[in-house]
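> Sequence:
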Amino acid sequence: MMEERMGNCWSYTKDQFDNLEKHTQSGIEFVERYSKFVKERSEIEISYAKQIRNLSKKYQPKKNSREEEENKYTSCRAFLSTLNELNDYAGQHEVIAENLTSQIITELSRYLTELKAERKSHFHDGRKAQQQIESSWKQLESSKRRFERDCKEADRAQQYFERMDADINVTKADVEKARQQAQMRHQIAADSKTEYSNYLTKFNQEQNEHYYTLIPNIFQKLQEMEERRIERVGVSMKTYAEVDREVLPIVGKCLDGMTKAAESIEPKTDSKQVVESYKSGFEPPGDVEFEDYGPGQTMKRTVSETSLSNSRGEAKERPGGGKSKGKLWPFIKNKNKGSGPEDFSHLPPEQRRKKLQAKIDDINKDIQKEMDQKDALTKMKGVYEKNPQMGDPASVDPRLVEMAMNIEKLQSEVQKFEGWLAEMEGRLPSRSDPPRRQSGLYESQNSNSTMVDNNCAQDRESSPDGSYTEEQSSETQVKVAIANTPEFDDEFDDGDEETLPTIGTCKAVYSFEGHNEGTISVTEGELLFVIEQDKGDGWTRVRRNEEEEGYVPTSYVEVFLETNTKGAMTYI
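Each residue of the sequence shown is one higher than the one before, counting from 1 in my numbering.
It is worth saying that the hints were derived from the structure and are not from the lab.
Check the hints yourself; a few may be wrong.
To be verified - Okay, derived cross-link-like pairs now, DSSO-like style, lysine-lysine, Cα gap no bigger than 27 Å in a straight line:
#, residue 1, residue 2
1, Lys369, Lys381
2, Lys62, Lys507
3, Lys221, Lys116
4, Lys63, Lys355
5, Lys36, Lys116
6, Lys193, Lys172
7, Lys355, Lys62
8, Lys39, Lys116
9, Lys279, Lys268
10, Lys260, Lys63
11, Lys63, Lys272
12, Lys238, Lys268
13, Lys138, Lys193
14, Lys63, Lys365
15, Lys72, Lys279
16, Lys36, Lys50
17, Lys152, Lys172
18, Lys381, Lys409
19, Lys369, Lys359
20, Lys260, Lys50
21, Lys374, Lys386
22, Lys409, Lys374
23, Lys63, Lys416
24, Lys22, Lys120
25, Lys57, Lys279
26, Lys202, Lys144
27, Lys72, Lys359
28, Lys62, Lys268
29, Lys62, Lys365
30, Lys152, Lys177
31, Lys369, Lys416
32, Lys409, Lys354
33, Lys36, Lys238
34, Lys354, Lys365
35, Lys354, Lys272
36, Lys57, Lys253
37, Lys416, Lys507
38, Lys62, Lys260
39, Lys72, Lys253
Based on the provided sequences and hints, a complete structural model is requested.
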């Protein structure tokens with residue numbers, strides 16, 4: 001076990017100091033590269049979340065727009081819920097980016113600073129130890145060379161003494177001097193040997209300490225540092241996965257919310273909502289009466305006013321080749337930009353009732369809001385009166401007066417809209433006994449039956465053989481129908497319009513601004529000619545002069561029909 005542990009120790013790479021330095025540097029570069037990878041992933045998450053939020057915001061319904069009006073349908077509400085869930089989904093990607101930054105990028109950045117400092121310290125100690133052992137080695141080599149030189153000098157001195165001692169021609173004094181010189185050289189060589197031995201012992205000790213103590217300790221610290229680095233990278237990678245896993249429950253809830261929103265779509269409910277939104281409140285025309293044929297009687301040619309193809313085809317084509325203007329429908333789309341009259345009189349009765357009720361509810365909410373604020377200010381004023389140091393009670397009075405005026409103004413608005421609502425509901429047909437409106441063409445034929453009979457008689461008299469012709473009678477009745485048949489077409493030719501006869505007069509009780517096409521503006525007290533009475537839709541057709549005519553709300557005028565007109569009566 002000990003051998004296995006020692007085999008995994010970096011001390012066995014003590015002769016690979018430079019390679020270990022390169023390896024640890026590559027480890028630091030790997031951590032930097034991984035940190036950069038996480039940073040780029042975080043930036044991608046932030047960019048993705050931003051794009052998702054912008055997408056959700058782009059498709060949110062605009063205020064006071066048709067899209068906001070469509071939110072009453074379950075499919076539109078489901079889509080709105082999906083957009084809201086998508087916005088929350090984008091928030092989770094922002095959480096991912098935030099957690100990656102705080103838990104990985106910031107931590108790795110701080111750890112890299114510490115890691116570089118620690119590595120620098122360890123390799124500094126390693127280089128210092130290397131310099132120390134190299135210095136000791138140089139001293140050993142120097143003492144060794146000196147010992148070698150001294151030994152050679154001692155040998156040369158000894159040989160010189162021996163030559164002098166053997167030479168008989170040399171004096172005794174010279175021999176003695178050579179002997180003393182040899183002894184001195186041997187003593188110097190002995191001292192150099194001792195010094196060399198000491199340096200050798202010292203170097204061996206330092207070398208042993210260097211390779212078995214200092215360097216192994218340094219390498220052990222480097223090994224521990226490198227293992228901590230690898231472990232830290234592993235922890236960061238695990239955190240990287242956990243950051244995604246932590247948001248999965250909330251992401252799942254967002255997806256569940258989208259699924260729930262999709263399941264909440266109810267086609268039947270949306271269909272009912274369409275009916276509630278667009279039903280006009282008008283009753284369908286009544287049945288056409290059966291007419292029996294008899295001698296001397298004329299069969300009327302009737303066309304239902306609900307038959308667009310027949311009525312439009314007959315009304316537009318006249319014998320002279322021109323076009324007839326026909327009746328302008330009061331509720332056609334206004335080509336001029338604007339919100340319409342304040343009382344919504346340009347709408348069908350049922351839609352007008354809904355608009356008025358919604359307006360009343362909105363104003364009541366504003367009134368309640370103003371009253372709540374007024375109560376709060378009143379309480380504040382009471383506190384100021386009891387504790388003057390908290391504030392001046394008089395400073396609240398201007399705001400209270402302003403709120404009282406606002407409440408009074410709003411209440412006046414409510415009364416105005418409630419009056420219009422009550423007036424309109426009083427004219428709506430009862431569901432228990434719905435009055436059936438006869439076909440407009442049929443009524444017009446009844447009201448002009450005398451004229452038709454006279455025309456038929458003239459046709460018979462003008463015929464060469466005095467007989468009645470079907471074509472002439474039909475043409476005559478079509479002329480009558482043209483003047484009384486409602487039209488839904490937006491295209492009119494004023495130059496070819498037939499002038500309708502006057503059936504009475506009326507006096508404007510209120511002023512009316514005719515913003516919509518087909519309506520006419522009147523002022524209070526103005527006298528006008530009636531050319532078509534109310535058919536049950538709440539509108540009366542009037543004429544000011546030969547060029548100005550149109551529809552006005554029946555409730556805005558007092559009508560006086562001529563006595564020879566069908567159903568002669570006076571109504572307000």
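> Compare the structure with each hint and give your call.
Outcome of the hint check:
As the CA atoms of Lys369 and Lys381 are separated by approximately 18 Å, the hinted pair is consistent with the 27 Å bound. Among the hinted pairs, Lys62 with Lys507 is inconsistent with the structure: their alpha-carbon atoms are about 44 Å apart, more than 27 Å. As the CA atoms of Lys221 and Lys116 are separated by approximately 13 Å, the hinted pair is consistent with the 27 Å bound. Under the criterion of a C-alpha separation no larger than 27 Å, the hint pairing Lys63 with Lys355 is consistent with the structure, at around 17 Å.
At most 27 Å may separate the alpha-carbon atoms for a hinted pair to count; Lys36 and Lys116 meet this at roughly 17 Å. Proposed proximity of Lys193 and Lys172 is contradicted: the alpha carbons are some 32 Å apart, above 27 Å. The straight-line distance between the Cα atoms of Lys355 and Lys62 is roughly 20 Å, inside the 27 Å bound, and the hint therefore holds. Note on Lys39 and Lys116: the hinted pairing holds, with a Cα-Cα distance of about 20 Å set against a maximum of 27 Å.
With a C-alpha separation of about 16 Å, the suggested pair Lys279 and Lys268 falls inside the 27 Å cut-off, and the hint holds. Between Lys260 and Lys63, the direct Cα distance comes to roughly 25 Å. Compliance with the 27 Å bound is thereby established for this hinted pair. Between Lys63 and Lys272 the CA atoms are separated by roughly 24 Å; this keeps the pair inside 27 Å, and the hint holds. Under the criterion of a C-alpha separation no larger than 27 Å, the hint pairing Lys238 with Lys268 is inconsistent with the structure, at around 51 Å.
With a C-alpha separation of about 16 Å, the suggested pairing of Lys138 with Lys193 holds against the 27 Å cut-off. Using a Cα cut-off of 27 Å, the hinted pair Lys63 and Lys365 holds, with the two alpha carbons roughly 18 Å apart. Taking the CA atoms of Lys72 and Lys279, the gap is about 16 Å. The hint holds against a cut of 27 Å. About 21 Å separates the Cα atoms of Lys36 and Lys50, which keeps this hinted pair within 27 Å; it holds.
Simply put, Lys152 and Lys172 have alpha-carbon atoms about 25 Å apart, close enough for the 27 Å limit, and the pair holds. For the suggested pair Lys381 and Lys409, the alpha carbons sit about 23 Å apart, so the restraint of at most 27 Å is met. Restraint check for Lys369 and Lys359: the C-alpha separation of about 15 Å stays at or below 27 Å, so the hint holds. About 25 Å separates the Cα atoms of Lys260 and Lys50, which keeps this hinted pair within 27 Å; it holds.
Distance check on the hinted pair: Lys374 and Lys386 sit about 18 Å apart at the alpha-carbon level, within 27 Å; holds. Taking the CA atoms of Lys409 and Lys374, the gap is near 15 Å; set against the 27 Å cutoff, the hint holds. Distance restraint check for Lys63 and Lys416: the Cα-Cα separation of roughly 26 Å lies within the 27 Å cut-off, and the hinted pair is therefore satisfied. Taken as a hint, the Lys22 and Lys120 pair is honoured in the structure, with Cα atoms around 12 Å apart against an allowance of 27 Å.
The straight-line distance between the Cα atoms of Lys57 and Lys279 is roughly 33 Å, outside the 27 Å bound, and the hint therefore fails. Taking the CA atoms of Lys202 and Lys144, the gap is near 13 Å; set against the 27 Å cutoff, the hint holds. Taking the CA atoms of Lys72 and Lys359, the gap is about 17 Å. The hint holds against a cut of 27 Å. In summary, the hint linking Lys62 to Lys268 is supported, as the alpha carbons are separated by about 26 Å, within the 27 Å threshold.
At most 27 Å may separate the alpha-carbon atoms for a hinted pair to count; Lys62 and Lys365 meet this at roughly 22 Å. The suggested pairing of Lys152 with Lys177 holds, with an alpha-carbon distance near 19 Å, which does not exceed 27 Å. Restraint check for Lys369 and Lys416: satisfied, since their Cα atoms lie roughly 20 Å apart, inside the 27 Å limit. Simply put, Lys409 and Lys354 have alpha-carbon atoms about 22 Å apart, close enough for the 27 Å limit, and the pair holds.
Proposed proximity of Lys36 and Lys238 is supported: the alpha carbons are some 16 Å apart, at most 27 Å. Restraint check: the Cα-Cα separation between Lys354 and Lys365 comes to about 17 Å, which is no more than 27 Å; the hinted pair holds. Among the hinted pairs, Lys354 with Lys272 is consistent with the structure: their alpha-carbon atoms are about 15 Å apart, no more than 27 Å. Among the hinted pairs, Lys57 with Lys253 is consistent with the structure: their alpha-carbon atoms are about 20 Å apart, no more than 27 Å.
A C-alpha spacing of about 22 Å is found between Lys416 and Lys507, which places the hinted pair at or below 27 Å, so the restraint holds. For the given pair, Lys62 sits about 24 Å from Lys260 by alpha-carbon distance, which is consistent with the 27 Å threshold. Straight-line distance between C-alpha atoms of Lys72 and Lys253 comes to about 25 Å, which keeps the hinted pair within the 27 Å bound.
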